[in-house]
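Chemist: When you get a sec, could you build the whole thing from the sequences and use the hints?
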Amino acid sequence: MKTLLLVTVTEFFKQRAGMFFVLLALLFGFLSGAEHHAFAVFFLTASNGMLYLGAIWLVYTLMCTQFLITLWKRPEYTFVYNVRLWPLLQRIFRFTLLAIGFLQPLIYYGVYLIAVAVQDKLLAGLWPIFPYYFLLIIMIGGAAAWRITNPQLYVEKSKTRFFKWPFKRFASWTWWSLEWLFQEKGVTLLAGKLGAMLFTLGTLLYYSTDQYDLRLPAVGLSLAYLLNIGISFELYQWESETWLWGRSLPVSRWRRIGRIFLVHAIIIVPETLVSVRNGALSAFEIMQLYVLGLSVLVAAHLFFYKKEGLLDECIQAFLFGFIGLTLLILYKIPVLLIAGMFVAFTLLAYPRWYRV
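Residue numbers for the sequence shown follow the UniProt record's numbering, so the first one is 1 and each next one is one higher.
Possibly wrong hints are sitting among the right ones.
[To be verified] Here are the simulated DSS-like cross-link-like pairs (lysine-lysine), alpha carbons at most 25 Å apart as the crow flies:
#1 K73 <-> K168
#2 K2 <-> K168
#3 K185 <-> K2
#4 K185 <-> K14
[Stated by the list, open to error] Each pair of labels, with its calculated beta carbon distance range:
#5 V269 <-> Y108: 21 to 31 Å
#6 T78 <-> L123: 40 to 50 Å
#7 T96 <-> A46: 26 to 36 Å
#8 T96 <-> T326: 42 to 52 Å
#9 K307 <-> Q152: 46 to 56 Å
Source of the hints: derived by calculation from the structure; they are not laboratory data.
We put the CB at the ideal spot given by N, CA and C, even for glycine.
Modeler: Listed below in C-alpha cells is the structure:
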C-alpha cells in the first residue's frame, strides 16, 4: 500500500508541483487573511456558495482521476494490476486511502471551513462538504478499480510539439538547479514552501494583534526561512550526487558561493511576498528580515558540506544555532548586524568546508 501511494499520489504532486506552487503564490501572496475569510463565509452563507465550491472540487477531482487513469497505463506500472489479488474489502479500504491522498488539499480547506463555521456560528451551511468528500472519494476509488479491471498498456511515443519555444535553454547553474527542483523534487518543494508561507502568515497575523517591535517578526520569519532547509538539502544532493561533474568545472569558489546565495535568494521570495502583501511591516523592515533569513539559510546550507550531508548531525547544529540567533535578536542587536555576522561566517567557512 505504501508503494502504491508513493508511486501514484507522490508522483501526482511531484508532476503538478509547479501548478500548486503558482496557486500558493496566488492564495498567500495576493489574498490577505480577511479575503480568505470572506471567501469561506461566502461558501457557507450564499445560496449557491456550496455549489460553486463543489464545482471547483469536482474539477480538481477530475484532474486527479485523469492523471490516475493515464499513469497506470504506463508499462512501468504493470505491477499495480496485482492489486486484483487483494480481497474486496481490503481493496476498497486501500483505494479509499489512495483517494484521500489525492484529496489532501480539499481536506485541508475543509478543516479551514469548519474552523470558520465554528468561529462565526455558520454550522448550518457546512453539511454539504461531507457528501462532497464521500462522492469525490468514490470517483477516484472507482476510477482506480475500473483501471485495474480494464488494463491498457502503451508505450509513450515522442510527440512533435505544436509550439516550439523559440529561445535557447538557459545555460545557467541557477536555472538548472531550480528546474531540477520542480521536476524531480516537487513534493519537497511544495511542502517546504507551504510550511514557510503559512508560518510567515501566522507570525505576521500575531504581530498585527498588538504593538510589538521588530524582534517578534525577526524570530518568527527567521524560523520560517529556515523551514526551507529541506529544499536547501535537496540542492546539496543535486550538487553532490546528481550533478557531480559540476564540481570539477574550473569555477572559482567565490563564484560558487555567489551561486548558492543567488539560488537561496530566489527560493525564499514567496514568503517574502507574503510579508509584502500582509502590509504589517515597512519595506525597510522586510528588507532587513529578508537579508537575515537569506544569510541564516545559506549558513545552515554550509553545514551540509561540513557534515557531508548527514542530516542527523546537522539538525543538532541547526537547533542550537537557532537558539543562539534568538538570543541575539532578543538582546536588541540590529538585524542587519546579525545578518552581516552570518555572511562573514559563511565567507570564512566556505573555503574550509567545501570539498571538490
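Chemist: Against each hint, give a clear statement of whether it holds in the structure.
Modeler: Right, here's what the structure says about each hint:
Taken as a hint, the K73 and K168 pair is broken in the structure, with Cα atoms around 33 Å apart against an allowance of 25 Å. Note on K2 and K168: the hinted pairing is violated, with a Cα-Cα distance of about 40 Å set against a maximum of 25 Å. Only pairs whose Cα atoms come within 25 Å are accepted, and K185 paired with K2 is accepted, the gap being roughly 19 Å. Using a Cα cut-off of 25 Å, the hinted pair K185 and K14 holds, with the two alpha carbons roughly 7 Å apart.
Range check, V269 to Y108: about 23 Å between beta-carbon atoms, so the 21 to 31 Å window is met. The hinted range of 40 to 50 Å is satisfied by T78 and L123, whose Cβ atoms lie roughly 47 Å apart. Taking the beta carbon of each, T96 and A46 are about 31 Å apart, inside 26 to 36 Å as hinted. For T96 and T326, the Cβ-Cβ distance of about 44 Å falls inside the hinted range of 42 to 52 Å, so the restraint holds.
Between K307 and Q152 the C-beta distance comes to about 48 Å, which sits within the given range of 46 to 56 Å.
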